[in-house]
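Chains as they are written, first to last, in the numbering used here: chain A, 13 to 248; chain B, 2 to 270.
The hints are all genuine.
Pulled from the structure, derived: some chain B residues nowhere near chain A, Cβ distances all over 12 Å: (1) G14; (2) Y59; (3) A97; (4) N99; (5) G111; (6) E138; (7) P185; (8) S233; (9) E259.
Computed Cβ-Cβ distance ranges for the label pairs, DEER-style: (10) H31/A <-> E146/B: 49 to 57 Å; (11) D198/B <-> Q161/A: 27 to 35 Å; (12) Q155/A <-> E109/B: 35 to 43 Å; (13) S28/A <-> E109/B: 57 to 65 Å; (14) D252/B <-> D160/A: 44 to 52 Å; (15) Q227/A <-> G224/B: 54 to 62 Å.
Bear in mind the hints are in silico, worked out from the structure with no lab data behind them. Bear in mind the structure is a predicted one, so any value in this text is a computation, not a measurement. All C-beta atoms, glycine included, are put in the ideal place defined by N, C-alpha and C.
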Amino acid sequence: MSDANIEFKGSSFTLSVLHLKTSKLADLRIDLAQKIAQAPDFFYLVPVVICIEKLDCSIDYQGIKTLIEEFKFTFVGFTGSIDKEQRSLIRELGFSFVNTARINTSKQLVIADSPVNKRTSDFVSNTQYSDKIHRGQIRSGQQIYAKDQNLVVIGSVSAGAEVIADGNIHVYGALRGRAIAGAKGHHRAQIYCQNLEAELVSINGNYWLSESMEQHWGSPAYIHFTDSELTLSKLI
Amino acid sequence: MARIIVVTSGKGGVGKTTSSAAIGLGLALKGHKVVLIDFDIGLRNLDLIMGCERRVVYDFVNVINGEATLNQALIKDKRVSSLSILPASQTRDKDALNKENVGKVLEELGKTYDYIICDSPAGIEAGAMMALYYADEAIVTTNPEVSSVRDSDRILGMLASRSRRAELNLEPIKEHLLLTRYSPKRVEEGEMLSVEDVEDILSIPLLGVIPESQAVLKASNAGEPVILDTESDAGKAYQDVVDRLLGESIDFRFLHAEKKSIFSRMFGG
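Chain A with its partners taken away, still in its complex shape (with noise of 0.2 Å):
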C-alpha cells in the first residue's frame, strides 16, 4: 500500500488568538465591529483560535463559532487553561481545542534544530534579507541585532559583545564576541570573519564554544550547517 500521495507533517504556524472577557455574545458582537471597522482587510479570512481562559462556565459554543463567522474571521478552534470536563465538552460539540506550544525565544533556539522548524527554516531561507551594516568597532557589552537582516560589521567584535542577525553575519575585523546568525531559526545562515577567535558561534540555535574552533583560531573563516552539523571552514 502506497502513501506516497499523502503526508502528515507538523509544522508551526503564526495564528491570531481572540481572548474573550465575557461571554455575552451581544457585548462581543459590537467590539468586534468596532475592531474590524478600524480595518476590515486585516481581518478578513483571518482564522482565528478563541481563547476562552477568563470566561466562566456558561459559555454558548456555538453562538461564540457563528458570531466569529459572521464577521468572516475562520473559525480553528478553542483554546485557553481549561480543566478536562471543559475540554471534553467542547470535543462532544464537535469543536477542536488548540493546545498552545509555550515555547519562549532560547528555547526556540535550542529545539530549532527539529524537523517541524527545518520546514520554516527552508521557507525563511528563500527570502532575500537585506543588509544591516554596522561602521566600527563593536565594543564589550554592546550588543547589534540585525532583525529579518543580515549583519555586517566594518571593524572588529569586542569580547564580551554580542551581534545577532535573523540572516548571515559577515565581520570584517576580528570576531571575538558571540555571533547568532539565523536567530530566527534559518540553518542557512553562515557567520564569515577575517579573524576567528569568538566565545561563541550559533547557526539556529546550534552554537559551539570556542574551544571547539581550535581550527581555524585566529584566521579566516566561516562557520555553516551542512549535513545537520556546524561546520567550520577556512575562508581563504
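Chain A is already provided as a structure; the job is to place chain B on it using the hints.
The following block gives chain B in isolation, referenced to the frame of chain A:
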C-alpha cells in the same frame, strides 16, 4: 575653548588618579591653565596624590549645591600657579552630582582654564558616566591585563554611546590609550599582554606607555605627582604623554626590557 579630558578606565586601581595628577601637572608646567576635578565622590583621592589634602575646605559637591563658589572650592597648586584642583567630597556619594549642575560648573571653569581634567571613579555607574558625559577627549587608562582591557573596551562603548557628544550626534570623543604598569620584562616572558596585543583589541591610538615603577608609589605617598620625578622612567614616560597631548610626535620609550650591563649590576644602577 577649554579641552575637557576625562581620565577613565572602567576597572579600579589601574592608575587613573596617578595619571590625572601627572598629566595635569605636566600640562601646567608647560604654561597651560589646568584644573583637575576629582569625580570620585565619596572616595576622595586626588587631593592626596596632589599633596593638598590639608587645604580642602569646600568641595565639588558644595559647589554643585550652591553652598560655596567655585573660587572658594578651587585649591591652587603650590608648585605651579596655573594649576588648580577641585576636590571631591568625602562624606557624600556619587548621586550628589547631576548632569545639569556639572555642566554649569564645567562651563564656568572653561572660561578660565585651557584644560579641564576629569578624574573618573571606577565602574560604569552614575559617577563614571557623569565624569565622561561632557568630555571632548578621553584618556583610557589600561593595565596590560585581560580584565582591565575588557573593562576599557566597555568604557569605550560607553564613550561612544552615553556621552553628550554621542547624544547630540557631534564629533565623537577623541580616544587615547594610556597603558600603565607596563613591564617589558614580563611581556617578554609571556606573562603580560604586549602593547601590540592591547592596541589590537582596543584599536584606539596609543598616547603613552608608563612602565611599572617604584617611583609611582613613592610619589603617591609623598603627594608629589610622579612627573616631578624627572629621573624615574615613569616620570619621563608621563612627560612624553604630555608632549603628545600637546601635539608633538615622540617615539615610545620603555617598551623593551633593559639589558643590564655588568657594571650597573655591580654598582646597583
